[in-house]
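Participant: If you're matching them up, the sequences are chains A and W in order.
First residue of the first sequence? That's 1 in full-length UniProt numbering, and the numbers climb one at a time after it.
First residue of the second sequence? That's 1 in full-length UniProt numbering, and the numbers climb one at a time after it.
Since the hints were made in silico from the structure, they are not lab data.
Incorrect hints may have been included.
Claimed, not checked - Example chain W residues on the side facing chain A (calculated, C-beta under 10 Å, incomplete):
no. : residue
1   : 41
2   : 46
3   : 270
Positions of the beta carbon are idealized from the N, C-alpha and C atoms, including for glycine.
2 protein chains.
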Amino acid sequence: MCQLLGMNCNTPTDIMFSFEGFRRRGGITDHHADGFGIGFFEGKGVRLFHDDKPSADSPVADLVRAYQIKSENVIAHIRKASQGQTSLANTHPFMREMWGEYWLFAHNGHLLDFYPEQGVFYKAVGSTDSERAFCYILNSLRSRFPEKPDEETLFAAIAALTAEIRSHGLFNFVMSNGDCLFAHASTLLHYIVRKAPFGKARLLDDDVMIDFAEVTTPNDKVAVIATLPLTRDESWLQLAVNELAMFQHGDIVRSDKPAEPVYMSTEEGLAIARAVGVSV
Amino acid sequence: MCQLLGMNCNTPTDIMFSFEGFRRRGGITDHHADGFGIGFFEGKGVRLFHDDKPSADSPVADLVRAYQIKSENVIAHIRKASQGQTSLANTHPFMREMWGEYWLFAHNGHLLDFYPEQGVFYKAVGSTDSERAFCYILNSLRSRFPEKPDEETLFAAIAALTAEIRSHGLFNFVMSNGDCLFAHASTLLHYIVRKAPFGKARLLDDDVMIDFAEVTTPNDKVAVIATLPLTRDESWLQLAVNELAMFQHGDIVRSDKPAEPVYMSTEEGLAIARAVGVSV
Numbered sequence: 001m002c003q004l005l006g007m008n009c010n011t012p013t014d015i016m017f018s019f020e021g022f023r024r025r026g027g028i029t030d031h032h033a034d035g036f037g038i039g040f041f042e043g044k045g046v047r048l049f050h051d052d053k054p055s056a057d058s059p060v061a062d063l064v065r066a067y068q069i070k071s072e073n074v075i076a077h078i079r080k081a082s083q084g085q086t087s088l089a090n091t092h093p094f095m096r097e098m099w100g101e102y103w104l105f106a107h108n109g110h111l112l113d114f115y116p117e118q119g120v121f122y123k124a125v126g127s128t129d130s131e132r133a134f135c136y137i138l139n140s141l142r143s144r145f146p147e148k149p150d151e152e153t154l155f156a157a158i159a160a161l162t163a164e165i166r167s168h169g170l171f172n173f174v175m176s177n178g179d180c181l182f183a184h185a186s187t188l189l190h191y192i193v194r195k196a197p198f199g200k201a202r203l204l205d206d207d208v209m210i211d212f213a214e215v216t217t218p219n220d221k222v223a224v225i226a227t228l229p230l231t232r233d234e235s236w237l238q239l240a241v242n243e244l245a246m247f248q249h250g251d252i253v254r255s256d257k258p259a260e261p262v263y264m265s266t267e268e269g270l271a272i273a274r275a276v277g278v279s280v
Numbered sequence: 001m002c003q004l005l006g007m008n009c010n011t012p013t014d015i016m017f018s019f020e021g022f023r024r025r026g027g028i029t030d031h032h033a034d035g036f037g038i039g040f041f042e043g044k045g046v047r048l049f050h051d052d053k054p055s056a057d058s059p060v061a062d063l064v065r066a067y068q069i070k071s072e073n074v075i076a077h078i079r080k081a082s083q084g085q086t087s088l089a090n091t092h093p094f095m096r097e098m099w100g101e102y103w104l105f106a107h108n109g110h111l112l113d114f115y116p117e118q119g120v121f122y123k124a125v126g127s128t129d130s131e132r133a134f135c136y137i138l139n140s141l142r143s144r145f146p147e148k149p150d151e152e153t154l155f156a157a158i159a160a161l162t163a164e165i166r167s168h169g170l171f172n173f174v175m176s177n178g179d180c181l182f183a184h185a186s187t188l189l190h191y192i193v194r195k196a197p198f199g200k201a202r203l204l205d206d207d208v209m210i211d212f213a214e215v216t217t218p219n220d221k222v223a224v225i226a227t228l229p230l231t232r233d234e235s236w237l238q239l240a241v242n243e244l245a246m247f248q249h250g251d252i253v254r255s256d257k258p259a260e261p262v263y264m265s266t267e268e269g270l271a272i273a274r275a276v277g278v279s280v
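Just chain A, with the same shape it has in the complex (with noise of 0.2 Å):
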């Protein structure tokens, strides 16, 4: 399985204490050793970063922590191949442009016999079930909605198109238009929304610790999720199984949570990802 990273923020932010516990999961304390992508919004503009080597030992990422890039929407993507051929077409985030916004979509997870006829609109340069999905959200939204519709109708559809898509399997994925992320869980999506009075907290996966409260103001509010909390000292939340989540300025503004939902334990998960033969 492969682990994903979204943030959604009021107020650009840099995203590197969570970046630098994330990227170590690319090799070092963990094996998703098939490449990474991050795209960092910066107004209606992208800056997306793809390598094909392990993110952990990657220059690309070196170059990522040392920029220090503040943003208020990033999605990125740790790959452990399952399907497609390791190659840059097919590493994530993927990108598309739709009603004059671009689009990145990342996904964790394995869609079984996924094959949408192409549309009209987007077309898969690669080869992963991944891209196909991506496309085949984009192409339905926009077969249906010629203009960007109000945001209750697009949370709906979008909604809709995810109940349909995971049908065919395992499809976590986070997805941003550089306003508002939308994160969906089939399986394990955790988050955490930090705000004021913010706290200090530790990486899982490093021996760093930060104090938000020396690097933020108090009206800031940053939403950061990931496959697995990648902090001790705070307490993330998860996402139900199958809820598509919106975030906006940095905390969830619309979700279609079950009515009574359900929680998938971390060792159910990764069990589920490796009985579909997808790699932890």
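We have chain A; now place chain W onto it with these hints.
Facilitator: Frame of chain A, contents of chain W only:
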């Protein structure tokens, strides 16, 4: 006026020597200080680096140099803003997916009153004339060809669209889909095809020399396209005014060079750029 750089080869080639001279025009030997961008095709995938810092002292440019990415098709651009504010969304090269391929586009020039109707397939995200021109080309091609046409038809279609757009002003561009590279000169665009027997060359913008014989094999063929020649000790050729050339496997394979080609002097080309308010 911004500076363009393109490379098209028959084998994955390191562009670092050319890029080293090129990037120094972004703030050291010339004044193109509003950011730069470079996109490398690797197979069907694209590695894209954008920066709004001058290329001469950009850490992203340092990474590009250190990383020694080998690619068969490269599109790069140093920007001096003429239309549209300086922002990441306005930084070339622009990227879109068409027919299941990524396309990269970079423009040097200035289009007057160029506000084509927003097409069905692609919309500009930023506010430049350049991105509008790119979207116009892609929208027109996609509307006419639901599937990718043969090369002759594609070249003729792009040539016709180019002629239409250049009626609005200065339209030097380079564009690639990872297989071939289209280069068009309204005014100044130079190129060189390096092949065996390889010689030595020295950068015009830096005291760096390279012996291509040491870094190539006898079968290599590498075309480098740039606004102005990058080296001494080599004979750069020039695209004629209003010529569209298609490079493939390191050489020009198609061109619509006028029957009586006109070649613009550097002085004249720079004067035209200044006259329409494009900084040089």
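Participant: Now, for every hint given, state plainly whether the structure supports it.
Facilitator: The hints, checked one at a time:
Annotation: residue 41 of chain W was flagged as interfacial toward chain A, and the flag holds, the nearest CB pair being 9 Å apart, inside 10 Å. With a cut of 10 Å, the hint placing residue 46 of chain W at the interface with chain A holds, because the nearest CB-to-CB distance is about 7 Å. A hinted interface residue such as residue 270 of chain W counts as satisfied when its beta carbon comes closer than 10 Å to some beta carbon of chain A; here the least separation is about 29 Å, so the hint is violated.
Against the hints set out earlier in the document, a violation occurs for number 3 only.
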